[in-house]
Amino acid sequence: MIGLTLLVRRELGLALRGGTDAVMAVVFFVLAAVLFPFGVGADPAMLPRIGGGIIWVVALLAAMLSLERMFSADYEDGSLDLLYLSPVGLGTLALAKALSHWMTTGVLLLIAAPILALLYNLPVSALGALFLSMLLGTPILSLVGGIGAALTLGARRGGVLLALLILPLYIPVLIFGAGAIDGAVAGRPIAPQLMVLGGFLLAALALAPWATAAALRQAIE
Amino acid sequence: MFHRFANPARFSRIAARVLPWSGAATIALFIIGIYYALFASPPDFQQGETVRIMYVHVPSAWISMACYSFIAVMSAVALIWKHPLADIAARSAAPLGAGFTLIVLITGSLWGKPTWGTWWVWDARLTSVLVLFFLYLGHIALTNAFDNPQRGARAAAVLALVGFVNIPIIKFSVDWWNTLHQPASVTRLDAPAIDPAILTPLLLMALAFTFYFVTMLLVRMRADLNAMRARALRLSAAE
Chain A
1 MIGLTLLVRR ELGLALRGGT DAVMAVVFFV LAAVLFPFGV GADPAMLPRI
51 GGGIIWVVAL LAAMLSLERM FSADYEDGSL DLLYLSPVGL GTLALAKALS
101 HWMTTGVLLL IAAPILALLY NLPVSALGAL FLSMLLGTPI LSLVGGIGAA
151 LTLGARRGGV LLALLILPLY IPVLIFGAGA IDGAVAGRPI APQLMVLGGF
201 LLAALALAPW ATAAALRQAI E
Chain B
1 MFHRFANPAR FSRIAARVLP WSGAATIALF IIGIYYALFA SPPDFQQGET
51 VRIMYVHVPS AWISMACYSF IAVMSAVALI WKHPLADIAA RSAAPLGAGF
101 TLIVLITGSL WGKPTWGTWW VWDARLTSVL VLFFLYLGHI ALTNAFDNPQ
151 RGARAAAVLA LVGFVNIPII KFSVDWWNTL HQPASVTRLD APAIDPAILT
201 PLLLMALAFT FYFVTMLLVR MRADLNAMRA RALRLSAAE
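If you read the sequences in order, they're chains A and B. Take the first sequence: its position 19, counted from the start at 1, is 19 in my numbering, and no numbers get skipped. Take the second sequence: its position 174, counted from the start at 1, is 174 in my numbering, and no numbers get skipped.
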């Protein structure tokens, strides 16, 4: 537990000092979502219908942008080897990395999401669904993304490869996240979708750090 | 017993002995199966002649899922016991599985147009098979993404195990969701819900596809082993 706290504090410190990286993901998030009304037309009746899905798709892509750097800096300068030898354990390291990735990406997306809801003319009644689905869904993106980031350490063309590996695994989150918002817009109950997302989150929390640790072990050895 | 067959030299010897037989069985089964599928079976009373697409579609679907399960098992073996042969088996099976999955998607699409009136619907079965195809592509890409083939094989093994969550989703998607795709009619606990006249060519084709898969897998694994041996020889010659 102390190891986890220390590692998260280290990551957050690095992210704060690193400056613009985390902000870039949010800028991408807003910018990419702004592109859609130009492409599909800005009909105020249609935008709320597609808004939930678009916000979620763009959130997946934005979360993926910063995944590649989750382990690569530590891998290249050798910190990862030292962390491997430290008593903390790779599972805790994976959890700490995912947690700090979520704090530097997912939380910012969560803050920016209401702005997009405004741009997409989402009704106020859907804001709760948007917030809750993103709150439950974005940590899954960081946890599952950590597996991909660890698998592609040292690979050629790591970025494209990461997208190919991770995006299929993100589809369930997208289905239920966007489903919750659509349900709220249409006035249906959203509890089932949120419960499924919560289930995904618990499963990812239990299994993803373990898989990430296995992938890291292969990368280090 | 397991370790005995994990010896690459012994594997090569056994594969060389099995290959002619499995190759001959593949050809014979395909001839009989295609004869039954195209000539000796009646057209369906609702679907007409398009039912014959199923004789390719369903066996490919079975193989595509069985192949992924095979890769997952081999990956677990490779990660736990570090058998090099398990790595080679997983690496050799992945492109075969991707090919069968592509056949499933294409034949399903061809069958869907006259029967459902659309090439594609976003129902759970179709979508999860599409995800399976992307998992295969990711597995192949990850295997080849590293300068050190060992590292690629291990990374792909972890990915195969993570992606295995998709297999039960595909299998049970027709039961869990209300899909356009029809539920299972052969692999049920009671008697299959298919007329024997249609079931016979289906099972024959499934057998033919299975033998084809095994034959191709053995060919690819032997080729991979030989390539590794050639690389090792070239490296030792260069020293």
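No lab work stands behind these hints: they were computed from the structure. We treat Cβ as the ideally placed atom computed from N, Cα and C, and that holds for glycine. Where hints are given, some of them may not hold.
Partner residues are not named here, just some residues of chain A that face chain B (Cβ under 10 Å, in silico) [what the hints assert, rightly or not]:
no., residue
1, E11
2, A15
3, V107
4, R157
5, L167
Minimum beta-carbon distance criterion (10 Å), A/V107 to chain B: violated, 25 Å
Restraint satisfaction for A/A15 [CB to CB of chain B, less than 10 Å]: Violated. Min distance 26 Å.
Holds or violated: is there a CB of chain B closer than 10 Å to the CB of A/R157? Result: holds, 7 Å to nearest chain B Cβ.
So, A/L167 near chain B? Judge it on the closest CB pair being under 10 Å. This hint holds: A/L167 lies near chain B, its Cβ roughly 8 Å from the closest one there, short of 10 Å.
Interface hint status, A/E11 versus chain B (Cβ within 10 Å): violated, 23 Å
Consistency note: the structure conflicts with the earlier hints numbered 1, 2, 3.
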